Structures are given as C-alpha cells and as structure tokens.
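The sequence shown runs 158 to 369 under our numbering.
Each hint should be verified, as a subset may be incorrect.
Claimed, not checked - List time: in silico DMTMM-like cross-link candidates among lysine to aspartate or glutamate, alpha-carbon distance up to 25 Å:
no., residue 1, residue 2
1, Lys174, Asp207
2, Lys247, Asp235
3, Lys316, Glu303
4, Lys354, Glu303
5, Lys295, Asp332
6, Lys251, Asp360
7, Lys295, Glu317
8, Lys251, Glu273
9, Lys174, Glu244
10, Lys212, Asp169
11, Lys298, Glu313
12, Lys295, Glu313
13, Lys212, Asp178
14, Lys183, Glu250
15, Lys212, Glu181
16, Lys183, Asp169
17, Lys316, Glu250
18, Lys298, Glu171
19, Lys295, Glu273
20, Lys358, Glu179
21, Lys243, Glu171
22, Lys298, Asp270
23, Lys247, Glu317
24, Lys256, Asp235
25, Lys214, Asp169
26, Lys183, Glu168
27, Lys256, Asp332
28, Lys251, Glu240
29, Lys354, Asp235
30, Lys316, Glu334
31, Lys251, Asp270
32, Lys298, Asp360
33, Lys331, Glu313
34, Lys314, Asp332
35, Lys295, Glu244
36, Lys358, Glu287
37, Lys243, Asp169
38, Lys354, Glu181
39, Lys214, Glu240
40, Lys354, Glu179
Since the hints were made in silico from the structure, they are not lab data. Small disclaimer: the values here were computed from a predicted structure and weren't measured.
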Amino acid sequence: IEHVLPQHPAEDSEWMKLWPDEQEQKYWLNRIANLVPLTRRHNSEAQNFDFPTKKIKYFKSKSGTSSYTLTTQVIGIDSWTPEIVKERQKNIEKVFADKWELHLDDYSDAENDTYELAGRGASATGYFSESDAFIVLKGSKISQNETEGIPLNISEKRKELITSGVISDFCFVKDYEFTSVSTAAAVILGRSSNGRKEWTKIDGRTVAQTGH
158 IEHVLPQHPA
168 EDSEWMKLWP
178 DEQEQKYWLN
188 RIANLVPLTR
198 RHNSEAQNFD
208 FPTKKIKYFK
218 SKSGTSSYTL
228 TTQVIGIDSW
238 TPEIVKERQK
248 NIEKVFADKW
258 ELHLDDYSDA
268 ENDTYELAGR
278 GASATGYFSE
288 SDAFIVLKGS
298 KISQNETEGI
308 PLNISEKRKE
318 LITSGVISDF
328 CFVKDYEFTS
338 VSTAAAVILG
348 RSSNGRKEWT
358 KIDGRTVAQT
368 GH
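Could you build all of it, start to finish, from the sequences and the hints given here?
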C-alpha cells in the first residue's frame, strides 16, 4: 500500500506547498483516499517523489500499468491537493456504503459532532458534552508509552485511568469525561498536547477552527 501524499515529504518539496498545514497532512495521511495498492516493484520505485513523478512511476514504468482500479483512477488527477483528497474520500465512502449497505446517513448527525485524534500509535474519537466537558469514546486507543517530557499530572492521570479500569490494554473500555480537551489529548498521546489544535473533524478542521 502506497501513500500518495508521502509519510515524510521533504521540506523543499512541492508537497509542502500543496499541504502547508501539518495537522491536515497528519489527518489525511492514512485515510483510504490517500492510499493506493501497488505491486512491490511499483512501491519501491515511487518513494517520496512529487505527484507528477509518482504518477509516472505508478503507471508508466517498464513494469507496466497497475491493474488496481483505486490506483489507475489517480492518473487522471492533475494535482494531489487537500480538496481533491477530501472529494475522493467522499466518493470512496459512498461506494463502500452502497456496496456494503452501511446506510451512513443514519449516523451522520452523531458523526458531525465528533472529533478524531491520532499519533504515536494512538487513535481516538471524542465529542463535547452539553456542559463543554470532552467525552472520549469507548474503543479509543492510547499510546503505549510516554515521552520523557510528559507533564507529571498527565502521567499520573494515565496511571489512574489504567488502575481504575477505565483503560485496559491501552484502550478505553467505556466512555470517559475529561474537563479539558487538551488533557484528553495528552493522556491519549502520552505527551504534552494542545487539544484545540490536535483534535480534528473528518474534514480536517481543528477544535479551534470550529470555534468551539
């Protein structure tokens, strides 16, 4: 599986001009819209080239043309911008919903209220309660280790949640209410965190950008 937007784009690359927001990069990096299946040979050739070069490596190398539909769709795209990836994500989700009869509309209201967080092996979902507390949902996973610079109160909070059984095997076993969105993010990531910048909606907007 190849990331079209690379995992580690060079600072002077075209990618950084198209994706200047680091949090937006992080949010969309592992989404299905940014992933394409390739043969092993294609994958080794693609590397971190800018988009026009990656397309040539995908489709016009001596190895031949990829037979994967998700991959060949990319050849008709001129530039791999955030807007293109977001639209591609919607289209792919629609195909999944139709073919697997997921009926995503039944859950749209709830999804519109949720934020997501990922990093350091963690993956979590949460939302603001009516009292503006932040609820981390059952099934959210925390990082298995802490950074050296983690604040003492955050480290102690992680231990408390594990000891009390709220977190088991690095996973929330029930919903949990935090008084601060940043505390929630720091506990999950195992490091200091500005939760208003790191929790994002599905469209990439942060808590700060949504005005919450």
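Quick rundown of the hints versus the structure:
In summary, the hint linking lysine 174 to aspartate 207 is supported, as the alpha carbons are separated by about 11 Å, within the 25 Å threshold. About 19 Å separates the Cα atoms of lysine 247 and aspartate 235, which keeps this hinted pair within 25 Å; it holds. At roughly 11 Å between alpha-carbon atoms, lysine 316 and glutamate 303 fall within 25 Å of each other, so this suggested pair holds. This hinted pair checks out: lysine 354 and glutamate 303 have alpha carbons roughly 20 Å apart, not beyond 25 Å.
For the proposed pair lysine 295 and aspartate 332, the alpha carbon gap of about 5 Å is at most 25 Å, so the pair holds. Restraint check: the Cα-Cα separation between lysine 251 and aspartate 360 comes to about 16 Å, which is no more than 25 Å; the hinted pair holds. For a cut-off of 25 Å, the pair hint linking lysine 295 to glutamate 317 stands: about 17 Å separates their Cα positions. Distance hint between lysine 251 and glutamate 273 is fulfilled; the C-alpha atoms sit about 20 Å from each other, no more than 25 Å.
Distance check on the hinted pair: lysine 174 and glutamate 244 sit about 19 Å apart at the alpha-carbon level, within 25 Å; holds. Only pairs whose Cα atoms come within 25 Å are accepted, and lysine 212 paired with aspartate 169 is accepted, the gap being roughly 19 Å. Distance restraint check for lysine 298 and glutamate 313: the Cα-Cα separation of roughly 17 Å lies within the 25 Å cut-off, and the hinted pair is therefore satisfied. The hinted pair formed by lysine 295 and glutamate 313 meets the criterion: a straight-line CA distance of about 20 Å does not exceed 25 Å.
The straight-line distance between the Cα atoms of lysine 212 and aspartate 178 is roughly 23 Å, inside the 25 Å bound, and the hint therefore holds. Restraint check for lysine 183 and glutamate 250: satisfied, since their Cα atoms lie roughly 19 Å apart, inside the 25 Å limit. Straight-line distance between C-alpha atoms of lysine 212 and glutamate 181 comes to about 22 Å, which keeps the hinted pair within the 25 Å bound. Straight-line distance between C-alpha atoms of lysine 183 and aspartate 169 comes to about 18 Å, which keeps the hinted pair within the 25 Å bound.
Among the hinted pairs, lysine 316 with glutamate 250 is inconsistent with the structure: their alpha-carbon atoms are about 38 Å apart, more than 25 Å. Proximity of lysine 298 to glutamate 171 is assessed by CA-CA distance (about 33 Å); at most 25 Å being required, the pair is judged violated. Taking the CA atoms of lysine 295 and glutamate 273, the gap is near 13 Å; set against the 25 Å cutoff, the hint holds. For the suggested pair lysine 358 and glutamate 179, the alpha carbons sit about 15 Å apart, so the restraint of at most 25 Å is met.
Taking the CA atoms of lysine 243 and glutamate 171, the gap is near 19 Å; set against the 25 Å cutoff, the hint holds. Among the hinted pairs, lysine 298 with aspartate 270 is consistent with the structure: their alpha-carbon atoms are about 19 Å apart, no more than 25 Å. A C-alpha spacing of about 39 Å is found between lysine 247 and glutamate 317, which places the hinted pair above 25 Å, so the restraint is violated. A C-alpha spacing of about 28 Å is found between lysine 256 and aspartate 235, which places the hinted pair above 25 Å, so the restraint is violated.
Restraint check for lysine 214 and aspartate 169: the C-alpha separation of about 21 Å stays at or below 25 Å, so the hint holds. At roughly 15 Å between alpha-carbon atoms, lysine 183 and glutamate 168 fall within 25 Å of each other, so this suggested pair holds. Restraint check for lysine 256 and aspartate 332: not satisfied, since their Cα atoms lie roughly 31 Å apart, outside the 25 Å limit. Taking the CA atoms of lysine 251 and glutamate 240, the gap is near 17 Å; set against the 25 Å cutoff, the hint holds.
The suggested pairing of lysine 354 with aspartate 235 is violated, with an alpha-carbon distance near 30 Å, which exceeds 25 Å. For the hint pairing lysine 316 with glutamate 334, the CA-to-CA distance comes to about 16 Å; that is within 25 Å, so the pair holds. Taking the CA atoms of lysine 251 and aspartate 270, the gap is near 20 Å; set against the 25 Å cutoff, the hint holds. Taking the CA atoms of lysine 298 and aspartate 360, the gap is near 21 Å; set against the 25 Å cutoff, the hint holds.
A distance of roughly 19 Å separates the Cα atoms of lysine 331 and glutamate 313; the hinted pair therefore holds under the 25 Å criterion. The hinted pair formed by lysine 314 and aspartate 332 meets the criterion: a straight-line CA distance of about 15 Å does not exceed 25 Å. With a C-alpha separation of about 29 Å, the suggested pair lysine 295 and glutamate 244 falls outside the 25 Å cut-off, and the hint is violated. Taken as a hint, the lysine 358 and glutamate 287 pair is honoured in the structure, with Cα atoms around 18 Å apart against an allowance of 25 Å.
The hinted pair formed by lysine 243 and aspartate 169 meets the criterion: a straight-line CA distance of about 24 Å does not exceed 25 Å. Using a Cα cut-off of 25 Å, the hinted pair lysine 354 and glutamate 181 holds, with the two alpha carbons roughly 10 Å apart. With a C-alpha separation of about 23 Å, the suggested pairing of lysine 214 with glutamate 240 holds against the 25 Å cut-off. Taken as a hint, the lysine 354 and glutamate 179 pair is honoured in the structure, with Cα atoms around 11 Å apart against an allowance of 25 Å.
Violated hints, in rising order: 17, 18, 23, 24, 27, 29, 35; the structure is consistent with all others.
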